[in-house]
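Asks: Read top to bottom, the protein sequences are chains A and B. Once you know that position 451 of the first sequence is 1635 in the numbering used here, the rest is easy, because the numbers rise by one and skip nothing. Once you know that position 138 of the second sequence is 1264 in the numbering used here, the rest is easy, because the numbers rise by one and skip nothing.
Careful, some of the hints might be misleading.
To be verified - Here are the computed lysine-lysine pairs in the DSSO-like style, where the Cα-Cα straight-line distance is at most 30 Å: (1) A/Lys1313 to B/Lys1269; (2) B/Lys1206 to A/Lys1520; (3) A/Lys1306 to A/Lys1571.
Because the hints were derived from the structure by calculation, they are not lab data.
What follows is the residue order along each chain.
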Amino acid sequence: MQIIQTDLLCIGAGLAGERVAIEAAENGFSVICLSLVPARRSHSSAAQGGMQAALGNSAMGEGDSPDVHFADTVKGSDWGADQECARIFVDTAPIAMRQMAFWGVPWNRVVPGEQTYYKGGKPFTAYEKPENEGLIHSRSFGGTAKWRTCYTSDGTGHAVLYTLDNRAAQMGVQVHDKTEAIALIHDGETCMGAIVRDLKTGELKAYLSRATLIATGGYGRIYRESTNAVICDGGGMIAALDTGVVPFGNPEAIQFHPTGIVPTDILVTEGCRGDGGTLLDVNQYRFMPDYEPEKAELASRDVVSRRMTEHMRKGLGVKSPYGDHLWLDIRHLGEKHITTKLREVQEICESFLGVDPVHQLIPVRPTQHYSMGGVRTNKDGAAYGLKGLFSAGEAACWDMHGFNRLGGNSLAETIVAGMWVGGKVVEFLAGTDTTFNTAAIREAYEKQAARIQALIKGQNGNENVYAVRNAMFDTIMKGAGIFRNGTDLTESVTKLQEILQRARKVGLRSNGLGANQELALALKIEGMVKLAQCVCYAALQRTESRGAHTREDFPERNDRDWLNRTLATWANASDDLPTLNYEAATKVFEIPPGERGYGGGKIIPMDNPPQATPAGKKA
Amino acid sequence: MARMLKFNIFRYNPQDPKSVPHMQSFTIDETESMTLFIVLNRLREEQDPSLQFDFCCRAGICGACGMVVNGRPGLACHTKTKDLPEEVTLMPLPVFKLVGDLSVDTGTWFRGMYQRVKSWCETKKVFDPNAQEERMDNALAEKIYELDRCIECGCCVAACGTALMREDFLGATALNRVARFMLDPRDERTEQEYFDIVGTDEGIFGCMGLLACEDVCPKYLPLQDVLGRLRQRMAFAAVNNILPSFLRKDVKL
């Protein structure tokens, strides 16, 4: 058994993982990032739109402040957010953006004078002040009172990730790419690192660390139709859930993005609507203003996705061999705008659809996009349940997003939380030593080696891993899609119990040698089914509608009974259902629960509404 | 009528002592909007689960799926089968170390490249969290981003005659990276420091001008123009340095 030791082990080398890694490296600690792919291929690279931070440099962002950003974020979360985390986030975001500018991100900048922008498909002019020339510019995104999304054309994720990875390389952060952490090493109290499979050779290794960070992104790939990269299969969450002590926060909080293209489910950015793109139905009629007169296409994602689904259910979708869809129209933005600010969108349309968005409509439908849930942490990013374990980014339920996150807030979260949690990891590393328990290391290693042998030899059965995965896809799509109800969810929960049994009987059809990719899936299929079950089971219990979680049989947001966060743990590996506990959504209220101002829906109020602390006052 | 497509795929698993490099043929029925992403996943799931290949974003953004399709390096994710003949040969990218079948190790190569060209803003300044950001002209920011759009798929390297012959050649992607930092006022390196990196046979003088890098770049980066401008700027810098100071000019890329 090869053993590799480091101060900080980051599982995942996307934006969040690398931002934490850099903080530790800058403070003199040794850091290794594990990554399924070369770091720059992380799913962070695919984010097109931008990062929210209240800089207030642009004309349409004038008067913006962290307080306004805070209010948008809490409303967007449908009051499911942890308000302490949301406050940390909005206050830190401007600093983090400026730091990225300092490190080399080519943010778009303010150009002074009269500028033409679009709102709701109509052009208007705004005057950019000469004194703001050259400061970081911002664009509009859904659910925000001010324009505050910092961007680099429509390649923001790419530009920021490359800059961050450059910085990581400069600071000596080691990235071990093509590696996969398949289990955490722990003794039930302290995390000591991970058992890792080398995806170049198939070799199994032990990585020991004083602090371990899970930053593996979301788990969208437990859905068949997802905008996520194929590596977003919840690996980090699976490793955490497998410990039996680290809870999965809000698994049922799954966001659907309004504009996945049909049929490949590739995302086209919200920037399209932010810049003035509109949604049309089969009659090429713009329907969103009928449902949301004020915000129209720019209501928050959960609202737009539901309205689109509602409209298609009325028979007004466009029929296609891949099911119904709607149209996204950006033609009126003009060739110059599309070929510069929305070039990635143009490339996606041309390469995958054969559609030219300058002259043609883009077929879109709501598609699984973001997981608000994840490894539950406290406000410092420390995971519940295990000392020395941290989490950041989409993998974490740090919980500034609650039940719906705003566009531009997650990409910003990766570096803002990365910066903040990085600081906390540094404090932890400075003040804590770990004893590495060799028995725990050997046990964890042998357990994984034995699993691999059992899969190769078919000791537990010969279920086809792809067939099991497809069964999981069908089941979660049916129960836990955009609209949910008790009947379908109950059926999905029962089915997933059966599928879990099948997942435990998977056997390989290939020889499993080397970087075998069938083995990689076989090693995590049981965990993926468990994640799917956490989603469905938690969604079944949550008898209300909040943010992206919409129960047709419980349309009200129920603050009286459900202003809380689900904590799912898998107490015994052999269980067929998770154990659910609940905690208050937030300990501190800067803004007591109220109307979001869009999306409609009734609210069952709390029995004893909390007193708000004055805005801006920190707890 | 739907076509039956034949795929000849390079097979070799270096970790399996029984494996020898060979070509293997598969047939598959073509469906609407089919891409190589769909083909390869179906082949692995339906016909041979040992088949190795890489995809990540599957949307032309991350660069994971570079491979040689009928002799030409490109991204498999946005290669549509309707643009291909009935018989297709798939090979792994050359230059990079083979992991297995169509999967190669680009990460190690690119990481080495960052270290060689110092792929970051070299500056003596220290970030001040309380200060407003330094200003930048928007047109310049957009120009930098133009060169920052490389996705490190490795196609240009795999298509490069020089890179195939000499391991130490930086390749178009590295020269593009250097040009990106030369444009950036946040990077305080001098002409001489840049010249030390690229002014050799491993850099701008190694290129034979075959233009394949630009031909195969899936992001349509102007790689040959960048190289030309680098050579030009380095030549000016060399001449400039021997001129008396009052005759020296600032040359912009």
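Asks: Against each hint, give a clear statement of whether it holds in the structure.
Replies: Each hint, compared with the structure:
1. As the CA atoms of A/Lys1313 and B/Lys1269 are separated by approximately 23 Å, the hinted pair is consistent with the 30 Å bound.
2. Distance hint between B/Lys1206 and A/Lys1520 is fulfilled; the C-alpha atoms sit about 27 Å from each other, no more than 30 Å.
3. Distance restraint check for A/Lys1306 and A/Lys1571: the Cα-Cα separation of roughly 54 Å exceeds the 30 Å cut-off, and the hinted pair is therefore not satisfied.
Hint compliance for this structure: hint 3 is the single one not met.
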